[in-house]
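Chains as they are written, first to last, in numbering that gives the first Met the number 0: chain P, 0 to 114; chain Z, 0 to 114; chain Y, 0 to 114.
Hints in this document: simulated from the structure, not taken from any laboratory. Warning: the hint list may mix true and false statements.
What the hints assert, rightly or not - Going by beta-carbon spacing under 7 angstroms, a handful of chain Z positions derived as facing chain Y:
hint	residue
1	P6
2	R9
3	A13
4	T14
5	H16
6	Y21
7	A23
8	G24
9	A99
Cβ atoms here follow ideal geometry from the backbone N, Cα and C, with glycine treated the same way.
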Amino acid sequence: MIKRLIPGKRLSMATIHGGLVYLAGQVPDDLTVGVEAQAKQVLDKIDALLAEAGTDKASILTATVWLPNIADFAAFNTAWDAWVPAGASPARACVEARLANPSIRVEIAAIAAIP
Amino acid sequence: MIKRLIPGKRLSMATIHGGLVYLAGQVPDDLTVGVEAQAKQVLDKIDALLAEAGTDKASILTATVWLPNIADFAAFNTAWDAWVPAGASPARACVEARLANPSIRVEIAAIAAIP
Amino acid sequence: MIKRLIPGKRLSMATIHGGLVYLAGQVPDDLTVGVEAQAKQVLDKIDALLAEAGTDKASILTATVWLPNIADFAAFNTAWDAWVPAGASPARACVEARLANPSIRVEIAAIAAIP
Numbered sequence: 000m001i002k003r004l005i006p007g008k009r010l011s012m013a014t015i016h017g018g019l020v021y022l023a024g025q026v027p028d029d030l031t032v033g034v035e036a037q038a039k040q041v042l043d044k045i046d047a048l049l050a051e052a053g054t055d056k057a058s059i060l061t062a063t064v065w066l067p068n069i070a071d072f073a074a075f076n077t078a079w080d081a082w083v084p085a086g087a088s089p090a091r092a093c094v095e096a097r098l099a100n101p102s103i104r105v106e107i108a109a110i111a112a113i114p
Numbered sequence: 000m001i002k003r004l005i006p007g008k009r010l011s012m013a014t015i016h017g018g019l020v021y022l023a024g025q026v027p028d029d030l031t032v033g034v035e036a037q038a039k040q041v042l043d044k045i046d047a048l049l050a051e052a053g054t055d056k057a058s059i060l061t062a063t064v065w066l067p068n069i070a071d072f073a074a075f076n077t078a079w080d081a082w083v084p085a086g087a088s089p090a091r092a093c094v095e096a097r098l099a100n101p102s103i104r105v106e107i108a109a110i111a112a113i114p
Numbered sequence: 000m001i002k003r004l005i006p007g008k009r010l011s012m013a014t015i016h017g018g019l020v021y022l023a024g025q026v027p028d029d030l031t032v033g034v035e036a037q038a039k040q041v042l043d044k045i046d047a048l049l050a051e052a053g054t055d056k057a058s059i060l061t062a063t064v065w066l067p068n069i070a071d072f073a074a075f076n077t078a079w080d081a082w083v084p085a086g087a088s089p090a091r092a093c094v095e096a097r098l099a100n101p102s103i104r105v106e107i108a109a110i111a112a113i114p
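Okay, chain P solo, but in the shape it has when bound (with noise of 0.2 angstroms):
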């Protein structure tokens, strides 16, 4: 049985079977700022997913990140980094691809296990 997070026409948030959770691309909601806050809205998003799948990012088993413009991947990591905890690092791949809209910079995908 597929439980969904969030359900939509399209896509769903997250799915979770198995006891796993895989997250759908999450991005910000205000565009206006600059990277390394879209980053923290991301993350913000993950961590409320993750909650309601009975789970937290220390379960994290990998993520991948998309930046629309490689040259934030410094300023990217700074809220990334931040945010992973100590001893508790999930596996990771970050590259390059543009996004559904332009001002969108930074999206996240990720796969979790809930204990």
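Following the hints, complete the assembly by docking chains Z and Y onto the known chain P.
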């Protein structure tokens, strides 16, 4: 034990393990048509692979969509939205990426549960 | 419980959970060589991480390959095809994406089963 669908020298079109099926990036065969028609071909291929694995699109946990031209986002979604089952949408990320053949306008990978 | 390989502040090179190992995007160390030689370095790193996780390349379920120059597709595949075990190829997607360092010509992430 891992079961493979359409195993090739370079890749298998799908691998099955632990009640999940992992689909390789699916691309259309007829590259002479537009992105919406290409998307339909890709979604048909996904349906066929999922059927062979003993599951279907209502059990997709997460999908990754690559469009070489993000301006195709709306046209792609026309095909996608018509295909997603009501109440059973997967997690999804859709980003821009050039693909192996410049005539391919959409590629989709996915992970699905097998009931 | 999640086990991590080469855990760092930013990311772990691999996470292990539920009989699967999730590899972070692996990149080469020697960036002075061409894409085929860079690919061999990446595949060697994958072999080493999988060995540390108690598995090997024949148990890879899915891999994602990013090439900053999709024109490297054929050269990359020369290394890849020589490495994939006969009869045990994974699902795979290979797309273009610029990476954190412009001298990196290939990055690969993967999920593998642990027998």
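Hints, verified against the model:
no.: 1; hint: P6; result: holds, 6 angstroms
no.: 2; hint: R9; result: holds, 6 angstroms
no.: 3; hint: A13; result: holds, 6 angstroms
no.: 4; hint: T14; result: holds, 5 angstroms
no.: 5; hint: H16; result: holds, 5 angstroms
no.: 6; hint: Y21; result: holds, 4 angstroms
no.: 7; hint: A23; result: holds, 4 angstroms
no.: 8; hint: G24; result: holds, 3 angstroms
no.: 9; hint: A99; result: holds, 5 angstroms
Hint compliance for this structure: every hint is met.
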